[in-house]
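Student: Sequence lines, in order, name chains A and B.
Mapping of the first sequence onto my numbering: residues 700 to 1019, in sequence order.
Mapping of the second sequence onto my numbering: residues 700 to 1019, in sequence order.
These aren't lab readings, by the way, just hints derived from the structure by calculation.
Every value quoted in this text rests on a predicted model; they were computed, and no experiment measured them.
Treat the hints with care, since some could be wrong.
[Said to hold, decoys possible] Part of the chain A face toward chain B, derived, beta carbon under 7 angstroms:
no.	residue
1	Val723
2	Leu727
3	Lys728
4	Phe798
5	Glu801
6	Leu805
7	Tyr809
8	Thr813
9	Lys828
10	Glu839
11	Lys846
12	Ile848
13	Asp850
14	Phe851
15	Thr854
16	Glu855
[Stated by the list, open to error] List time: in silico SDA-like cross-link candidates among lysine to any residue, alpha-carbon distance up to 20 angstroms:
no.	chain 1	residue 1	chain 2	residue 2
17	A	Lys917	A	Gly790
18	B	Lys847	A	Ile848
19	A	Lys828	B	Phe798
20	B	Lys828	A	Lys847
21	A	Lys828	B	Pro763
22	B	Lys847	A	Ser721
23	A	Lys847	B	Lys847
24	A	Lys846	B	Lys847
25	A	Lys828	B	Ser721
26	A	Lys828	B	Glu801
27	A	Lys955	B	His722
28	B	Lys728	A	Tyr821
29	A	Lys847	B	Pro763
30	B	Lys828	A	Glu756
31	A	Lys846	B	Glu962
32	B	Lys828	A	Tyr821
33	A	Lys847	B	Val762
For each residue, glycine too, the CB sits at the ideal point set by N, CA and C.
2 protein chains.
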Amino acid sequence: MERLKKEFLPLVEENLTKYIDSHVEFILKVGRYILDAGGKRIRPLLTLGFAKAVGKEDITDVVPLSVALEYLHTASLLHDDVVDGAETRRGKPSANRVFGNETTVLTGDYMYATALYIFSTYGNIEMIKVVSDAVKKMAEGQLLELKKIADFDMTEQEYFQIIDGKTAVLFGACGYVGANSVVGDTEKSHLAYDYGIKIGRAFQIVDDILDYTSTSDKLGKPVCNDIKEGKITYPLIVIREKLSPEEREFFKQLVKKINPTDEEIQKARDIVLSKGGHKLAFEKAKEYVRKAINNLEQFPDNIYCRELKTLANYIVEREV
Amino acid sequence: MERLKKEFLPLVEENLTKYIDSHVEFILKVGRYILDAGGKRIRPLLTLGFAKAVGKEDITDVVPLSVALEYLHTASLLHDDVVDGAETRRGKPSANRVFGNETTVLTGDYMYATALYIFSTYGNIEMIKVVSDAVKKMAEGQLLELKKIADFDMTEQEYFQIIDGKTAVLFGACGYVGANSVVGDTEKSHLAYDYGIKIGRAFQIVDDILDYTSTSDKLGKPVCNDIKEGKITYPLIVIREKLSPEEREFFKQLVKKINPTDEEIQKARDIVLSKGGHKLAFEKAKEYVRKAINNLEQFPDNIYCRELKTLANYIVEREV
């Protein structure tokens, strides 16, 4: 991952606000506010890494595409903050708090459209198909998540639809775009997409584990937030069958409560951890990482390909 | 216009919800809610009209594109309602009131993305460039409008940027897509785009006139709403230079007021009408209609081309 960062991060940062420099000065201001707040730029790195892994010499034309994919992520964060009524994002007051819901929604729209515009200039129609499909699924996933709040019997399949929308499909699109920029719509591009899906799922599962296992100091946000909000995530799903009838009833009631007590949340956490929900979920995440790395076996064994394997491993090596 | 309606409207209506039939059932419900509330489908008719005007025989492949353009319009209405905190839309409670801001924002995102996905399937990269540019400008225009509220000295250029975003660029995109589906990215397609821009401007100017001249019964919404909200529109812009220093000061103060009185609004209306703001604005709208029709002189003189001329005239023949 260090090599990808060292080689590409300066290029990405340099071009990051280039395409949102609108005559409506406000847009650049809001865009910068959230872009400058940081983020690991994992999506552009993934895109450029795949372009290089399949043999791109000059990545000049892929840089704008990689930036466009970061815009899609940023746009979804902006809309997300409005949807969640978030107070903070990356340690700063969220954009909706600073600029209001109106400006935040519209700047998100502007960034979505700009991303597609960049693809119509530097990309191709196959990429646009994959990217617009990803944006569709992102919205679908979030809508499904809203709808499934407090539904203790949400299926595992629904959980994966939600996390695919939250994280995996955009990672998939990054892999696809990077590979497609060299080899077009071939098997390699689809393997790259699938790699993205799999590390995206692993990433989100690990996030969902950390919500149960970490401390608020380490996480920079309150822990056990998901269950508090009535969201059923993998560490709970995976031990649902092991619950006693009483525990089951406890969870069913808990996820419906608007304001559960700290004791109730603590009890929920204790049950999930005592039944090994975090460990089983971690096994699942590792399985996805293995599958993702397996996809790379069909790629040339160059330095970039090895970096992409490291990146996959990095996801489950975050402290769980 | 009747011919276009008769020939195309059933096709458009038949396909209108086909592409938003998501496995997340909520999306279809919200999408239908606003699509079923009506609307004149002027954007699909414009698109199909231009395809036919330049000689398309079989419009099967243009129908999804025309529906996609209606989705873009619908998505912008959904986000607009959230932005304005609207209570009603087309005589029904607005989507945000019925489904909440979260669902409304995300369904809008879904419809934007679906439209682009349709273009990646049935359209081409030139269309996607024009369409994504239009969506960028739609967001820019709305942001500029927000920013210019209460700014009495807003320029005429800024007014046109705002109304281009509100209406004209999407009409332009409809013209372009229709023509491009037959003749590609040629002069005719650009003339069709420009026709759309011009009738779009005329349409919005007439809307802005009606806000000063009509009655709330006829309009189905409160009159003099723009000035009440601190929005400076063409009927006022065009007589700004004719105001006495006292009248000028009155307007400058008025547009800044959160809750102007009925008397103040009445006075503002009287001043605009007594100086002929509505008549001068109407001249401008007619000028745009003439220019739009002029663009059509370079098209084959067939029934569809004549229909597009009628459509342009219809815009200024609405009761002002």
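Student: Next, verify each hint and record whether it holds.
Tutor: Against the structure, the hints come out as follows:
no., hint, result
1, Val723, "holds, 5 angstroms"
2, Leu727, "violated, 11 angstroms"
3, Lys728, "violated, 11 angstroms"
4, Phe798, "violated, 10 angstroms"
5, Glu801, "holds, 4 angstroms"
6, Leu805, "holds, 5 angstroms"
7, Tyr809, "holds, 4 angstroms"
8, Thr813, "holds, 6 angstroms"
9, Lys828, "holds, 4 angstroms"
10, Glu839, "holds, 5 angstroms"
11, Lys846, "holds, 6 angstroms"
12, Ile848, "violated, 11 angstroms"
13, Asp850, "violated, 13 angstroms"
14, Phe851, "violated, 19 angstroms"
15, Thr854, "violated, 12 angstroms"
16, Glu855, "violated, 15 angstroms"
17, A:Lys917 - A:Gly790, "holds, 13 angstroms"
18, B:Lys847 - A:Ile848, "violated, 39 angstroms"
19, A:Lys828 - B:Phe798, "violated, 29 angstroms"
20, B:Lys828 - A:Lys847, "violated, 36 angstroms"
21, A:Lys828 - B:Pro763, "holds, 15 angstroms"
22, B:Lys847 - A:Ser721, "holds, 16 angstroms"
23, A:Lys847 - B:Lys847, "violated, 40 angstroms"
24, A:Lys846 - B:Lys847, "violated, 37 angstroms"
25, A:Lys828 - B:Ser721, "holds, 17 angstroms"
26, A:Lys828 - B:Glu801, "violated, 26 angstroms"
27, A:Lys955 - B:His722, "violated, 24 angstroms"
28, B:Lys728 - A:Tyr821, "violated, 36 angstroms"
29, A:Lys847 - B:Pro763, "violated, 31 angstroms"
30, B:Lys828 - A:Glu756, "violated, 27 angstroms"
31, A:Lys846 - B:Glu962, "violated, 47 angstroms"
32, B:Lys828 - A:Tyr821, "holds, 11 angstroms"
33, A:Lys847 - B:Val762, "violated, 35 angstroms"
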